[in-house]
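Student: Build the full structure now, drawing on both the sequences and the hints.
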Amino acid sequence: MPNFTAFVILLAVILYFWTGFRVGQARGKFKISAPATTGSPDFERVFRVQMNMLEWMPIFLPAIWLAAIYVSDIGAALLGLVWIAGRVLYMRGYSAAAEKRETGFFMQAIAAGLLWLAALVGVLVSMLHP
Amino acid sequence: MPNFTAFVILLAVILYFWTGFRVGQARGKFKISAPATTGSPDFERVFRVQMNMLEWMPIFLPAIWLAAIYVSDIGAALLGLVWIAGRVLYMRGYSAAAEKRETGFFMQAIAAGLLWLAALVGVLVSMLHP
Amino acid sequence: MPNFTAFVILLAVILYFWTGFRVGQARGKFKISAPATTGSPDFERVFRVQMNMLEWMPIFLPAIWLAAIYVSDIGAALLGLVWIAGRVLYMRGYSAAAEKRETGFFMQAIAAGLLWLAALVGVLVSMLHP
Numbered sequence: 228m229p230n231f232t233a234f235v236i237l238l239a240v241i242l243y244f245w246t247g248f249r250v251g252q253a254r255g256k257f258k259i260s261a262p263a264t265t266g267s268p269d270f271e272r273v274f275r276v277q278m279n280m281l282e283w284m285p286i287f288l289p290a291i292w293l294a295a296i297y298v299s300d301i302g303a304a305l306l307g308l309v310w311i312a313g314r315v316l317y318m319r320g321y322s323a324a325a326e327k328r329e330t331g332f333f334m335q336a337i338a339a340g341l342l343w344l345a346a347l348v349g350v351l352v353s354m355l356h357p
Numbered sequence: 228m229p230n231f232t233a234f235v236i237l238l239a240v241i242l243y244f245w246t247g248f249r250v251g252q253a254r255g256k257f258k259i260s261a262p263a264t265t266g267s268p269d270f271e272r273v274f275r276v277q278m279n280m281l282e283w284m285p286i287f288l289p290a291i292w293l294a295a296i297y298v299s300d301i302g303a304a305l306l307g308l309v310w311i312a313g314r315v316l317y318m319r320g321y322s323a324a325a326e327k328r329e330t331g332f333f334m335q336a337i338a339a340g341l342l343w344l345a346a347l348v349g350v351l352v353s354m355l356h357p
Numbered sequence: 228m229p230n231f232t233a234f235v236i237l238l239a240v241i242l243y244f245w246t247g248f249r250v251g252q253a254r255g256k257f258k259i260s261a262p263a264t265t266g267s268p269d270f271e272r273v274f275r276v277q278m279n280m281l282e283w284m285p286i287f288l289p290a291i292w293l294a295a296i297y298v299s300d301i302g303a304a305l306l307g308l309v310w311i312a313g314r315v316l317y318m319r320g321y322s323a324a325a326e327k328r329e330t331g332f333f334m335q336a337i338a339a340g341l342l343w344l345a346a347l348v349g350v351l352v353s354m355l356h357p
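Protein chains in written order, with the numbering used here: chain A, 228 to 357; chain B, 228 to 357; chain C, 228 to 357.
Hint data in this document are derived by calculation from the structure and do not stem from the laboratory. Don't take each hint at face value.
From the structure, some residues in chain B lie toward chain C, with a derived Cβ separation under 8 Å [as the list claims (entries may be wrong)]:
(1) F234
(2) G247
(3) G255
(4) I259
(5) S260
(6) L288
Ideal placement from N, C-alpha and C gives every residue a C-beta, glycine not left out.
Tutor: Okay, here's the thing in structure tokens:
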């Protein structure tokens, strides 16, 4: 089993949970009651941090798992840590101002792209040399 | 293969599909045409039921699968059933009024948290005693 | 390992990434700055294409993976290609007009439903004849 990657996935899941927890806090702070998700740009940026991480989970999770299975557990886990670091930067930047989200965004996008590429190469090699 | 957990995952997926189906029905009932997702609090609560379950799927799915693989298929499946029951309560409560969503929410949050914790312990034990 | 299905999952992930990339482009074209996600129906339809694919990923990914493991790698991969074709039709239709999204929607819904059903039958057979 790809133990290191499983551990990194659980770290990513808890960070993602945290982005949702912050939305609950921001609801109180900026007085945005459920079910509304708009009404204050400060609230909306915190909400979009969670939503953007949600949007990337169906890219990150299949890519890291297939990269771990087909190529390298430790390699996938290390790229997963870079992805998590990019998500933390994105969270901190975007919570402050919309234009400060870019560094973290590109960092996590590159890490996810490399995981996807590694998985693709691994799968193709397995298909050609079963 | 973790058969019981696979079965419970398929149950969770069909419940999640159902929360989306209800959004389509609510579009007709409350006259909210696509692509709009706002305009009526009654519609927005039904929409938020689906969105909230979507938000929790990237927590639930990796946690239950890793808990099943690393710890116990039947244990993970039983916690998965508690999670599903919490999601049903949340759906019924939130559809009626925003403040009635809390019991189901905490029930599913605790079940998902226990699955995540079980997976973490299982992965750490595997890393330390390969 | 279910190589063909892993390959199709990676195709689905890149198409999904593309639906998000188009949202970034549409932000510029229709002058909708982050964190806003409303303000122009033309932007909102492009945004909803991404969101709808995001909504279906937690149905598609578990269903295709379990169908591949429990029933047939090639069968799951072929249904996965139909799903992807339905998503492409949906993207092209919805980007033009809200009512043009229906053909692609039903195509992908039927493919995802068959994957779910195949997975369910496969899991039940495994539970009854271990």
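Student: Would you mind marking each hint as holding or not holding in the structure?
Tutor: Do the hints match the structure? See the list:
no.	hint	result
1	F234	holds (5 Å)
2	G247	holds (6 Å)
3	G255	violated (14 Å)
4	I259	violated (12 Å)
5	S260	holds (7 Å)
6	L288	holds (6 Å)
In terms of the numbered hints stated before, the structure departs from hints 3 and 4, listed from lowest to highest.
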